[in-house]
Amino acid sequence: GQQLNQSPQSMFIQEGEDVSMNCTSSSIFNTWLWYKQDPGEGPVLLIALYKAGELTSNGRLTAQFGITRKDSFLNISASIPSDVGIYFCAGFTYNTNAGKSTFGDGTTLTVKP
Amino acid sequence: DTAVSQTPKYLVTQMGNDKSIKCEQNLGHDTMYWYKQDSKKFLKIMFSYNNKELIINETVPNRFSPKSPDKAHLNLHINSLELGDSAVYFCASRDGGAYEQYFGPGTRLTVT
Chain V
1 GQQLNQSPQS MFIQEGEDVS MNCTSSSIFN TWLWYKQDPG EGPVLLIALY KAGELTSNGR
61 LTAQFGITRK DSFLNISASI PSDVGIYFCA GFTYNTNAGK STFGDGTTLT VKP
Chain X
1 DTAVSQTPKY LVTQMGNDKS IKCEQNLGHD TMYWYKQDSK KFLKIMFSYN NKELIINETV
61 PNRFSPKSPD KAHLNLHINS LELGDSAVYF CASRDGGAYE QYFGPGTRLT VT
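Heads up: the sequence lines are chains V and X, in that order. Just so we're aligned: the first sequence equals residues 1 to 113 in our numbering. Just so we're aligned: the second sequence equals residues 1 to 112 in our numbering.
Simulated from the structure, these hints should not be mistaken for laboratory data. Nothing here was measured: the structure is a model prediction, and the numbers come from that model. Don't be surprised by glycine CBs; every beta carbon is placed ideally from N, CA and C. Just to be clear, a hint being listed does not mean it is correct.
Stated by the list, open to error - Listed next, the in silico DSSO-like pairs over lysine-lysine satisfying Cα-Cα at most 27 Å (straight line):
| # | chain 1 | residue 1 | chain 2 | residue 2 |
| --- | --- | --- | --- | --- |
| 1 | X | K52 | V | K100 |
| 2 | V | K100 | X | K40 |
| 3 | V | K100 | X | K71 |
| 4 | X | K9 | X | K44 |
| 5 | X | K36 | V | K36 |
| 6 | X | K40 | V | K36 |
| 7 | X | K44 | V | K36 |
| 8 | X | K22 | V | K112 |
| 9 | V | K36 | X | K9 |
| 10 | V | K70 | X | K52 |
| 11 | V | K100 | X | K67 |
| 12 | V | K100 | X | K41 |
| 13 | V | K36 | X | K22 |
| 14 | V | K70 | X | K44 |
| 15 | V | K100 | X | K44 |
| 16 | X | K41 | V | K36 |
| 17 | V | K100 | X | K22 |
| 18 | V | K112 | X | K40 |
| 19 | X | K67 | V | K51 |
| 20 | V | K70 | X | K40 |
| 21 | V | K51 | X | K52 |
| 22 | V | K70 | X | K41 |
To be verified - Quick list of simulated restraints, FRET-style, between CB atoms:
| # | chain 1 | residue 1 | chain 2 | residue 2 | range |
| --- | --- | --- | --- | --- | --- |
| 23 | X | S80 | V | E17 | 47 to 57 Å |
| 24 | X | N17 | V | I13 | 42 to 52 Å |
| 25 | V | R60 | X | N26 | 29 to 39 Å |
| 26 | V | N30 | X | E53 | 15 to 25 Å |
| 27 | X | F42 | V | I28 | 21 to 31 Å |
| 28 | X | S80 | V | D38 | 25 to 35 Å |
| 29 | X | L54 | V | E15 | 43 to 53 Å |
| 30 | V | D38 | X | G96 | 23 to 33 Å |
| 31 | V | Q14 | X | T7 | 16 to 26 Å |
The whole structure should be built from the sequences, with the hints applied where relevant.
Shown next, in the form of structure tokens:
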């Protein structure tokens, strides 16, 4: 089946630092999504990417859809304490009449004030 | 108003028991999902329903039985609970024409 490998698994950074994480797949996806999960909550969508090569920003977050359509990157600039959480990439596919997101393993981010 | 709600938030039970988790969404979406998040935080899809019809069943043991009485509700019943069923279960919904899923707050199930 489809697998998404996300790296790094965890990051410990100082407030103000920039963060980079990536996601690679053995399969092609037509849509890449990045979610954030706060402690004790469900994931919430941060950014959606629809075209190969697309670069999209949402505030301090920037994500890119890889040219091969098998990878995606998320960058966070000037991190702040509330950036703490688990970041998941997800590749979206349609299977018959159902849409399904396959999630990466997550990157756990810790920000030290 | 909560978009996707789940009850209960926490569920502690013994092995062998049967339990249910309920999910409701007030977004008018036609597709709903159940996910399992284990202790390593991996998020795995279990089921998907579209307009009350089961669309995706990801090789989940048949002790797990989803039921969708209407488009706004998707419940999960688990028979003969096992220690390995301990996890956080998330319900999610999606509008048919969009990619974004809206997740509920999760139900933490602990089987002792």
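Hint by hint, which ones does this structure get wrong, listed from lowest number up?
Numbers 8, 10, 19, 21 and 31, in rising order.
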